[in-house]
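Colleague: Residues per chain are reported as follows:
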Amino acid sequence: MFNVRYIVVSAFVLAATLCASASAQGTKPSEIRVFPPDVNLETSRDRQSLIIQEVYPDGITRDVTQAAKLTLANAAFATLKKNVLYPVADGTTSLKVEHNGLSVNVPVKVQQAKVDRNISFRLDIMPVFMRTSCNNGSCHGAASGKDGFRISLFGFDPAGDYQRITREISGRRINLALPHESLLLTKSVGSVPHTGGKRFAPDSEMYATTLRWLEAGAPDDKGEVPKVLDVELYPKDGVLDGEGATQQMTVRAKYSDGTDRDITSLALFLTNNDNSAPVSEGGLITASKRGEAFIMVRFETKTVGSHFIVLPKGLKYEAPKVPENNYVDTLVNTKLRKLRINPSELCTDEAFLRRAFLDVVGVLPTPDEFRKFMADKDPKKRENLIDDLLTRKEFVEMWVMKWAELLQVRTVNNRVSYKSMLRYYNWLQERVANNVPMDQLVQELLSAKGGTFANAATNYYQGETNTLKISENVAQVFMGMRIQCAQCHNHPFDRWTMDDYYSFGAFFSQIGRKRGEDPREQIIYNRGSGDVRHPIGNRVMQPKFLGGAIPDVKGKDRREVMAKWLASPENPYFARNLANIVWAHFMGKGIINEVDDVRVSNPPVNAELLDELGRKFTNYKYDFKKLVRDICTSRTYQLATKANETNASDSRNFSHASLRRLRAEVLLDSISQVTETKIKFRGLPLGARAVQISDGNTSTYFLTTFGRAKRESVCACEVKMEPNLSQALHLLNGTTVNGKVQQGNVVGKLLAAGKSPQDVVQELYLRCLVRLPNEKEMAALNRVLEEEKDPKGVLEDVFWALMNSREFLFNH
Amino acid sequence: MRRTRYASLALCFAAAILSAEAVHASSPTLSLIMPRGVQRGAETVMTFSGARLADGEQIFFYEPGFTVKKIEASGANQLKVTVAVAANARLGEHTAQVRTKSGISEYRTFYVGPFAETAEKEPNSDFATPQAVALNGTVTGVVTGEDVDYYVVDAKKGQRVSVEIEGMRLGTTLFDPYVAILDSKRFELSASDDAPLVFQDAVASIVAPADGKYIVEVRESAYGGNGNCRYRLHLGTFPRPMAVYPAGGKIGTETEVRFLGIPSGAFAQKFKLPAQLEEGYGVIAKDAGGMAPSENVFRLYEHDNVLEKEPNDSAATATPAQLPLAFNGVIEKPGDNDYFKFTAKKGQQYEVECFARRIRSALDPFMYLYDAKGRQLAASDDSRGPDSYFRFNVPADGDYTIRVKDHLDRGAGEFVYRIEFHQPKPKLTLGIPRVARYSQSRQTIYVARGNRFATLLSASRAGFAGDLVLDPKGLPAGIKVVSQPMAANMTVMPIVFEAAADAPLGGALVDFRAKLNDPMKDISGGFHNTADLIRGAPGQSIYWRRDVDKLAVAVVEELPFTLEIVQPKTPLVHNGSKLLKIVAHRKEGFTAAINVQFPFRPPGVNASSSVNIPAGKNEILYPINASASARVEKWPVYVLGSANVNGTAWVASQMAELEIAPAYMLLTLERSAVEQGQETEIFCKIENKRAFGGMAKVVLLGLPNKVTTPELEISKDTKELVFKITTDKASPAGRHRNVFCRITITENGEPVLHSRIGATELRIDRPLPMPVAKPKPKPKPTVAAKKPPVKVAPKRLTRLEKLRLEAKERRDAEKAGTSK
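Residue numbers (numbering that gives the first Met the number 0), protein chains in the order written: chain A, 0 to 811; chain B, 0 to 819.
Keep in mind the hints are simulated off the structure, nothing from the lab. Where hints are given, some of them may not hold.
[Said to hold, decoys possible] When the alpha-carbon atoms are kept at most 30 Å apart in a straight line, the in silico DSBU-like pairs for lysine-lysine are as follows:
#1 B/Lys332 to A/Lys553
#2 A/Lys563 to B/Lys332
#3 A/Lys677 to B/Lys184
#4 B/Lys184 to A/Lys392
#5 A/Lys513 to B/Lys332
#6 A/Lys555 to B/Lys332
#7 B/Lys184 to A/Lys679
#8 A/Lys553 to B/Lys184
All chains should be built: construct the whole structure from the sequences, respecting the hints.
Modeller: Below, the structure written as C-alpha cells:
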C-alpha cells in the first residue's frame with residue numbers, strides 16, 4: 000500500500016531491537032532517516048517539510064530535525080527555510096542531510112516553479128473543514144447541521160457542501176464583495192459569536208486559503224479533480240526514550256495526477272493512546288507514560304498510522320533466552336523484546352490440563368484424566384494432549400457453537416421456523432464435524448440457493464433479509480470489518496467510503512426470495528436483477544470487492560462471484576480474520592481486538608504474528624484444526640497467568656496468560672459435569688450439554704445471566720464474558736449450584752463408596768479445580784471436619800464453596 | 000383438490016335410542032375420526048368423537064364404498080360406527096360427517112389403505128430395541144415430544160423395502176414427520192423429511208443390499224411431537240413411484256404410463272381411463288411387490304398427449320406438437336430446458352396451465368412462451384402455487400414455442416410436468432360465507448321440522464355476468480327453498496329453508512347448484528367448501544385443507560321456538576332508520592333467551608351485530624338504518640335466531656320484504672351564528688319528494704349543550720321552516736357542525752324515520768370583550784333598530800344579509816358616535 004522506502008545509509012545490519020545495550024545515551028546512532036525520501040515541488044506555492052529521525056542500535060529513535068545540518072546542492076532551484084523546502088526554479092538537485100557523522104542525500108525535483116496553481120474547493124477548502132472539525136458529527140456535520148449551517152459529515156458530499164456554502168444565505172455565509180466579512184471566516188476566527196468557538200487564527204494558513212478562495216469568487220472545481228491516491232505519514236515508527244521526548248510528523252498526499260503535496264498543516268492528527276503519546280494539532284508527538292501508541296492522520300477519506308513505543312527514560316533491559324516452540328513464540332517474543340518485556344514462566348501441568356480442556360473441548364478433565372496426565376513422563380505430553388483433544392467430538396461442538404453465533408443460527412418469528420433453524424444447525428454441524436475447509440464452507444454458505452429446508456445453508460439469507468444488513472454482516476463476520484458507518488458517510492477512522500459500502504452491498508442486491516410450498520419454507524434464488532443505488536446522486540453501484548477489484552458479474556450470480564473472492568487468498572482479510580477469531584478464543588483477546596473491529600485505527604498489536612497466522616491458515620488449506628494446534632502447542636499459550644516485573648502492566652501482547660471467565664455454556668456444563676447432574680434442553684436428550692443447544696433463542700436463566708449469545712446480531716460482543724453481580728449472586732444463592740450439589744449427591748455417593756472425608760475433599764478439588772488441595776487448605780478443612788459431626792454437610796459446603804471460587808469460574 | 004365423487008348416502012340404521020323424553024340437542028360437532036385410517040375390503044369400528052353426538056343417525060360419506068352396519072352412541076360425545084369398506088374403495092383421503100337427529104356436524108377426514116393395521120408398541124424409542132413388524136402392513140403410531148419410533152423388518156437381498164407415512168396428511172395437527180430406512184449398523188440407506196409427492200409427509204424406498212434386518216425410524220422432523228401427532232406408516236415391498244409419466248391422458252382411452260423414481264427401476268403400466276372428466280383422479284402403481292398405498296395424481300383431459308423428444312433443449316430442436324394436445328416432459332438433469340413448438344391461429348384464446356407441483360412433481364416450473372422470432376410473449380413462475388400459468392391470446396397466425404425449466408435449474412428423472420391448453424370457460428362457484436375464521440360453523444343446513452333455517456349464499460362468477468337462480472338437486476324430502484334470483488350486480492343472496500311439520504327426519508349431501516337465469520346459455524355451478532384442517536406459523540398459514548363440493552342438508556327434530564319478522568309496512572329511507580319488530584313464538588315451557596342476528600344487509604344498510612330477546616320475552620325491536628347510498632329496491636331479508644337447547648339451535652324467520660326508499664323530502668338548512676346568550680334562527684327549505692298524510696314531527700338534533708329549539712311539525716305541503724334557537728351564556732362557543740333534523744312521518748300506523756337529514760352548522764360566538772362596552776349605548780339603539788325591521792318585515796334575512804346589515808349598522812353607529 001505504501002511505498003516505504005527508507006533511505007538507509009548506514010551499513011550496519013539492523014539488529015537494533017535484539018541488542019542488549021543499555022540506552023541511546025552515549026552510543027552512536029546506527030542510522031539516520033530522512034522523510035519524505037524524495038522531494039517533489041510542483042507550482043509556486045508548493046513546499047515540503049522534512050523530518051530527520053535518528054535510530055540507535057537498541058531501537059531508540061530521536062527527532063534530530065532541528066539539529067541536523069541541511070545543505071542544498073544547488074540553491075538555484077529551491078530554497079530552504081529551517082526544515083522546509085520551497086521552489087525557486089524548475090530543475091533537479093539534492094539535499095544533503097548530516098548529523099552525528101551520518102549523512103543522507105535526498106533528491107529534490109522542482110517543476111512549474113513559476114506557475115501558481117488555481118485554488119480548488121475540493122483540494123484546498125474541503126480539507127480545512129476536516130482539519131478544523133467543522134464537519135464533525137457534533138458540529139455542522141450533524142444530519143441537521145448546527146445553528147442553521149450544514150455540511151456533509153466528514154465531507155462525504157463535496158458537491159453538496161459547495162452548494163450549501165455558496166447558495167444558502169447569500170451575501171452572508173460568503174460575501175464575495177467583502178470576502179473577509181463572510182461568516183465562513185468571521186465565525187471561524189471567532190470575531191463574531193460562534194458556538195464552536197475560534198477554529199483558526201486570522202494569520203493562519205487556513206484563513207489565508209479560505210480568503211483566497213473567496214477572493215477568487217468562490218469557484219467550483221471544473222473538470223476532473225485529482226483524487227488522493229495515497230497518504231504518507233512519516234516517520235513510519237519510532238521508539239521514544241522517556242517522558243518529554245518528541246517527534247514531529249510530516250504527511251504527504253499523492254494525487255492521481257502524479258503530483259504530491261505536503262499536507263502536514265491540513266491533515267488531522269489522532270492518537271489511540273493519549274496517555275503515552277499525545278499528538279498536537281501540528282503533528283508533534285510528545286512522549287508521556289510507558290506504552291504503545293498508534294498515531295493516525297486523517298485526510299480526505301484516507302486514514303493512515305504509525306506505530307510508536309514510549310519507554311521509560313534510560314530503561315535497562317536484557318532480553319532473556321526464552322525457548323520457542325514454534326513461529327507463534329518467535330513472533331510474540333520479537334514484539335515483547337521491542338517493548339522490553341519478558342514473558343512469564345510456563346504454567347503448571349495442572350493449570351495447562353485444565354486450560355486446554357476448557358478451551359479446546361469445553362469440559363473439565365476428570366480425576367482419572369488428571370492422574371493419567373500427571374503421571375505421564377513424556378516431555379511431549381502437552382502436545383500429545385492437544386492432539387488428543389482435537390480428535391474429540393466436543394471440540395467440534397465447541398466450534399459449531401461459535402460458528403452458530405456468527406451465522407446467527409436461531410429461530411425468528413414468522414421467518415425462520417424451528418425446523419429451518421435445526422436444519423441450518425445440522426448443516427453447520429455436519430460441515431464442521433467433517434472438517435470441511437473453511438473457505439469451502441463459507442463459499443457454500445454465501446452462494447447458497449434453494450429452499451430453506453432443502454438446502455439449509457440458505458437460512459443465512461432468511462435470518463436477515465435486508466440487503467445492506469446482509470452485506471454488513473458478511474463484512475463483519477468474514478472480514479472482521481464494521482462498515483456500517485459508511486452507509487451514511489465515509490468511515491471516519493477507516494478507509495471505507497460510501498462508494499465502497501454500496502458497491503459491496505450490490506453483491507447482495509439480487510437475492511430472490513419466494514415462499515415454498517410449505518409455509519415455513521422460503522426459496523432463496525438468484526433473481527438476476529436488482530441494484531443498489533448510492534443515496535447521493537442515485538447512481539447504480541457496480542459490485543466491487545471490499546478493498547479489491549471490480550469483478551465481472553454479467554450473467555453471473557453475484558453472490559457466487561463474491562463468495563469465491565471472499566473466501567480465497569485473494570481477499571487479504573479472510574484468512575487473517577479467521578485466524579484472529581481462533582486466536583482470540585484461546586488467548587482471550589484477539590491480535591486485533593475486538594475480532595470484528597478490524598480498521599486502520601485499530602491496528603493489530605502484532606501485525607507480523609497475525610500475518611503469519613493468516614498465511615499458515617491459507618497454507619493449511621483453511622483447516623483450522625491445524626491452526627488450533629499451532630496456537631495451543633505454542634509456549635505463549637502455555638504461559639502462566641502470574642506476571643513478572645516486566646509484564647505486569649501488559650494486557651495486550653500475550654506476555655502472560657490472561658484470566659478468562661468461562662463462557663456461559665461451558666460454565667453450566669462444567670457445573671453439571673462436576674455435580675453429575677443432567678439438564679433438559681429443547682430438542683436435545685436429557686443430559687445434553689449447553690454447548691450443543693442449536694437455537695439461539697433456547698436459553699435458561701443461568702445461561703442468560705452468564706451472557707449466552709442470543710445470536711440476534713453478528714457482533715462478537717453478544718457473548719458477555721464480563722463477570723457481574725447477578726452472576727455472583729446466582730451462583731451463591733441461586734438454585735443452580737446448590738440444587739445441583741443436592742441433586743447429583745456426589746458427596747453422598749463418594750462417602751457411600753467408602754471414601755474418607757479427606758479423600759472426598761481431594762476428589763472434589765480434582766473435579767472442580769483440577770488440582771489437589773494444598774497443605775494450608777487441607778489443614779483448614781481438616782479442622783472443620785473434626786469439629787463438625789456431619790461430614791456430608793461439611794463436604795457439600797466445601798463442594799459449593801469450590802464452585803463459587805474464582806478459580807473455578809475462571810480459566811487461568 | 001381431491002376427488003369428490005358424489006356418494007350415494009350410506010344406509011342409515013336406527014341409532015341407539017335416546018331417552019324417551021324429547022331432550023333437545025343441537026349443533027353436533029365432530030373433532031376426530033379414529034382410527035385415522037381403515038383397510039379396504041374390511042369391516043372396521045370407527046369412533047366419531049366430538050360433542051352432542053349421542054343422537055347420531057347417519058354418517059355422510061362423500062364418496063362411495065362405505066356401508067354403515069351399525070351406529071352406537073358411546074356416551075354423549077362419541078359414536079361407534081361399524082363400517083364395511085368396499086374392496087374397490089378409493090385409496091387415500093376420505094371425508095365424512097355425522098347427521099344426528101338434531102343437526103349435522105362438520106366434516107373430517109380419514110384414510111383408506113390397502114393394508115391391515117398394527118399399533119405401535121412403546122418402548123420402541125431405541126435403535127437397539129425396535130418394534131418388529133411384518134412387511135406389507137400399516138403401523139399406526141404417535142410421536143410424542145422428541146419421540147423417535149423404530150420398527151424392524153426382515154428383508155431378503157434384492158427385495159424392495161418401501162415406506163410411506165401419513166402424518167400431516169391426516170389433517171389433525173401440525174405434524175411434520177421424518178422417516179429413514181437404516182441397516183442394522185445404523186447406516187442410513189434412505190431418508191426423507193418432505194417429499195413433493197406427499198407434501199410434508201415422507202416416503203423412502205430401498206432395494207435391500209443383503210439379507211437382514213432393516214430398521215425404519217420415524218420422528219418429527221425437528222424432534223417435536225405431542226399426543227396428537229398420529230401417523231400411519233405403510234411399510235412393505237410395494238413400489239412407491241415418485242412420479243408417473245405422462246401424468247395425464249385422454250378420457251375413455253387405455254393409456255400406458257411409466258412409474259418413475261423407484262429404486263428398483265421404473266416400469267410401465269396400462270390404465271383404462273374413465274369416460275368422463277373427473278377432478279382428483281389418480282393411478283395406483285402395482286407390480287409383483289404389491290401396490291402403492293396411495294395414488295399418483297393423474298390428469299384426465301379431453302385430448303391426447305404429446306411426449307417430448309430429447310434433445311429438445313433449444314428452440315431449434317423443439318418437439319413439434321399440435322394443439323390441443325397436452326405436452327408432457329421431464330426436466331431430467333440440472334440446467335435442462337424443454338421446448339415445444341406448435342402452430343396457433345390469430346384470435347384463439349388459451350389458458351395455458353403447466354402442471355407440476357399440482358401433479359405432485361418435484362419440479363418448480365418456469366414456463367415461457369415465444370413467437371417464431373424468439374420474442375418472449377409471456378412467462379410465468381408461480382401463478383398457480385409453484386406451478387406456472389398464463390393466458391395466451393394468439394396475436395397472429397404462426398408458430399410458437401413453449402419453454403419449461405426448473406426455477407432453480409434443478410433436474411432429475413422424476414421432474415415430470417404436463418402442459419394443458421384450455422379454452423377459457425365461464426365458471427360459477429357457490430359458497431356460504433364463513434361466519435367464523437377457520438371454522439365450518441353454519442356451513443351445513445339443518446332445518447327443524449315445522450321451522451326454518453336460512454343462510455347467505457355467495458356466488459363467484461368468472462367469465463360471465465347475469466342473474467342467477469337456484470337449482471338444487473336432490474334436497475331431502477319436506478324441505479322447501481325460498482329465494483329470489485340473485486341479481487347480476489350482487490354476489491350474495493339470502494335463502495330460507497323451510498321444513499314441513501311432517502317432514503321425515505333425514506338428510507343428504509346435496510349437489511346444491513345455481514344457474515344463469517338465461518335458458519339460452521348453459522352456465523351452472525355448484526357448492527364448494529373448504530375446511531382449514533391444520534394451520535400454524537407463520538401467521539395462520541394453512542397446512543392442510545379439505546375441499547368438498549356437496550352441501551349437507553337435513554331435516555331435524557322440532558325446536559321449541561320459531562321466529563317471525565313482523566312485515567314492515569313502511570320503507571326504510573335513505574339516512575333513515577327503522578326498528579324491525581321480531582317476534583319469537585315459544586313453545587310452552589321454553590323461556591331461554593334468543594339471540595337474533597340480521598345477516599343479510601342490502602347494500603348501504605347497517606344493523607347491530609345482534610340483539611337479544613331476553614329470557615321469557617317474546618319481542619324485540621331490531622334497529623337497522625340505511626345510508627344515503629343504500630340501493631333502492633325491495634329486498635328479501637330474514638333474521639336468524641339462536642338459543643341454547645343443550646347446544647345451540649338455529650332458527651330463521653320467514654323471508655320478509657324490506658323496502659329501501661329515497662327520503663320523502665329534501666331539507667336545506669342554512670348556517671347560522673349566534674352570540675352566547677342570544678337567540679337566532681335556523682332557516683330551512685323543504686322540497687317534498689313523496690307525498691305523505693298527516694303531520695310529520697321535525698326535531699333539530701346535534702345542538703350543543705344549553706341550546707334549545709322547539710319541536711316543529713310539517714305537512715307534505717310545508718315549504719319553509721324556521722327553528723328558533725335559544726342559547727345560554729354557558730352554551731359552548733365554537734362551530735357546531737353536526738346539526739341535523741330528524742323527521743318522523745307516520746304511515747300505516749308505522750313511523751318512517753328520517754333520522755338524519757339536512758345537516759347544517761351553528762356557530763356560537765363569545766360576546767365581544769367588555770371594553771367595547773363603551774360605545775355599547777350606541778349599539779343598543781341599533782339592536783333596537785334591528786328588531787323593529789325583523790318585526791316589520793317577517794321576511795327572514797339570510798346569514799349573509801344579516802351580516803351585511805350588521806356591518807352597515809355598526810358603520811352607521813360609529814359614524815353617529817364620532818359625529819357626536
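Colleague: Tell me the hint numbers this structure goes against, listed in increasing order.
Modeller: 8
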